[in-house]
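Chemist: Single-letter residue listing:
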Amino acid sequence: MTAVLPAPAATGAGEQARLVLEVSAVADAAPGIRTLTLRRPGGGLLPGHPPGSHLVLDCGGRRNAYSLTGDGMPAAEYRISVLLCPDGAGGSAAVHRWRAGDRVTATGPRSAFAPVSTARHAVLVAGGIGITPLLSHARAAVRWGRSFELLYGHRPGAGAHLAELHALCGDRLGVHEDTAELLARIGSVLADRPLGTHVHVCGPAPLIAFVEDTAGALGWPADRVHAERFSAADLDPGEPFVARLARSGLRVPVPAGTSLLAALEAAGVAVPSMCRQGVCGECRLPVTAGRPLHRDLYLAEPERAAGDAVMACVSRCADDELELDL
Amino acid sequence: MGAAHTSVPRWPAAVPAVDPVARRLALLGLGARGAAHVQRWRAAVRPGVPVWAHTAARADDATLQLLAAEVGGARVGWRLLLAGPEVDVLAARAVATGLGALDSEIGVAVTSTRRRRVWCAHCRDTTETTQPVSGEVRCRGCGRRLHVYAHVSRRRGAHLGFQVDAEELP
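Protein chains in written order, with my numbering: chain A, 1 to 326; chain B, 1 to 170.
Be aware that a few hints might be false.
Covered stretches of chain B (in silico footprint by chain A; criterion: 3 or more residues with CB under 8 Å from a CB of chain A, positions within the stretch not fixed) [unchecked claim]:
(1) 15 to 25
(2) 76 to 87
(3) 90 to 101
Using C-beta positions, here's what the derived DEER-type ranges look like [unchecked claim]:
(4) Ala305(A) x Arg154(B): 37 to 47 Å
(5) Gly216(A) x Arg154(B): 56 to 66 Å
(6) Ala270(A) x Arg155(B): 51 to 61 Å
(7) Leu162(A) x Arg155(B): 40 to 50 Å
(8) Val20(A) x Arg154(B): 22 to 32 Å
(9) Val15(B) x Pro47(A): 41 to 51 Å
(10) Ala13(B) x Ala306(A): 17 to 27 Å
(11) Gly216(A) x Gln65(B): 29 to 39 Å
(12) Ser134(B) x Gly216(A): 42 to 52 Å
Quick caveat, the hints were computed from the structure, so don't treat them as lab data.
Please read all numbers here as calculations on a predicted model, not as lab measurements.
Even glycine gets a Cβ: it sits at the ideal position worked out from N, Cα and C.
One chain only, chain A, in its complex shape (with noise of 0.2 Å):
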């Protein structure tokens, strides 16, 4: 018998394939959280992806970025879990809407929180909706024997995918529903683990930034230490500054409370985006002179020292002018 694979869509460089999928299934995980299962309207297997990966959606208007919680190999069928954010700009109260036989476009998958595969050791830490990345990594933990362990804080009632990460991990994952009790875990859980282990959070900021400051002080160095963002934190206006295209001659003014990649996009050079929010990676552009202001969460610090490239959506300029290879 001969089994028949879709060919996979043509994309060009640097360009990654839109999928149609399909809305299969829809649950509720948690109170406000809907798992949503996606596949080929015509059936066949989703690109596989490192574990920790998201899709982009578009949804209500928006273009999100929800984890996929599969281990990553090459499937049927996508999930992703929901939150609802009643105050958000709309995007997850359109994915709420959603029901099975809907037809959704999306990008990716795209690995930005992918697990070190040199590691003796992983420490996932999740907080609330945080968890979703961490179930991708937790079952490809499983599915190709490395060691790890999961420690999960949810507010009381609200925990999603928690009879599936029990039978995953066994006892291998903590779950805490009081956040004093959680941290205490954390911190003892850094103060001793073999060299060679690396953390992985995902989370609320101030989780986030528990984590890095507790490694910090117990003395893992910055590169044991993974973060997967939500969001960037609220951003000040910022001072205006020039941007110069080095190859057109354009000099283009972005005044305090515009984002270099509105003042570009109104000038009419069309920039390549996504997030608008300094997590995607998508408005990287490449820097000749002055000196970028980093304020997104994408570039590492190396990058972020070598001054050659800078996010249009959130970063600024820390000079009067700063001059793009554009």
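Fit chain B to the known structure of chain A by using the hints.
Modeler: Quick look at chain B alone, frame taken from chain A:
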């Protein structure tokens, strides 16, 4: 291949300091000058922080086994400071990184770059030499004349060597 793109290590000019956040320190000194660095580092460690210190003439098998035992039992928060000739420091580094240590957890003071080890791409034996990069050395395993190439394997702690006339042979 231009010199700008080489894996031959360029060591920092400054001697690394004891990291104040370290919760345990491993100090390894090779040769007399390496041992002197270990003595200074040991004096700079905060009281109460456990220290493993070892000095030896060379990073020989016995020394590397002692280091491997220390790294294998280490917990995160551990730092390694190495001092000695490049050839010995590279061998010790390879042991530590092979057991999970990161660059950010290892500080290095190189006291000499006179000697190097050359790994033969043909018979896989390793020969120590004082020949410089681009020099020539006879492989102790297969007897071939090897070109000392400007590539250092961090995993082996050795330069790549290949037959000098490999490109001219018919």
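Chemist: Taking the hints in turn, state whether each one holds.
Modeler: Hints versus structure:
{"no.": "1", "hint": "15 to 25", "in the structure": "holds (count 4)"}
{"no.": "2", "hint": "76 to 87", "in the structure": "holds (count 4)"}
{"no.": "3", "hint": "90 to 101", "in the structure": "holds (count 3)"}
{"no.": "4", "hint": "Ala305(A) x Arg154(B): 37 to 47 Å", "in the structure": "22 Å, violated"}
{"no.": "5", "hint": "Gly216(A) x Arg154(B): 56 to 66 Å", "in the structure": "26 Å, violated"}
{"no.": "6", "hint": "Ala270(A) x Arg155(B): 51 to 61 Å", "in the structure": "44 Å, violated"}
{"no.": "7", "hint": "Leu162(A) x Arg155(B): 40 to 50 Å", "in the structure": "42 Å, holds"}
{"no.": "8", "hint": "Val20(A) x Arg154(B): 22 to 32 Å", "in the structure": "45 Å, violated"}
{"no.": "9", "hint": "Val15(B) x Pro47(A): 41 to 51 Å", "in the structure": "49 Å, holds"}
{"no.": "10", "hint": "Ala13(B) x Ala306(A): 17 to 27 Å", "in the structure": "21 Å, holds"}
{"no.": "11", "hint": "Gly216(A) x Gln65(B): 29 to 39 Å", "in the structure": "32 Å, holds"}
{"no.": "12", "hint": "Ser134(B) x Gly216(A): 42 to 52 Å", "in the structure": "43 Å, holds"}
Violation of the numbered hints given earlier is confined to hints 4, 5, 6, 8; the remaining hints are satisfied by the structure.
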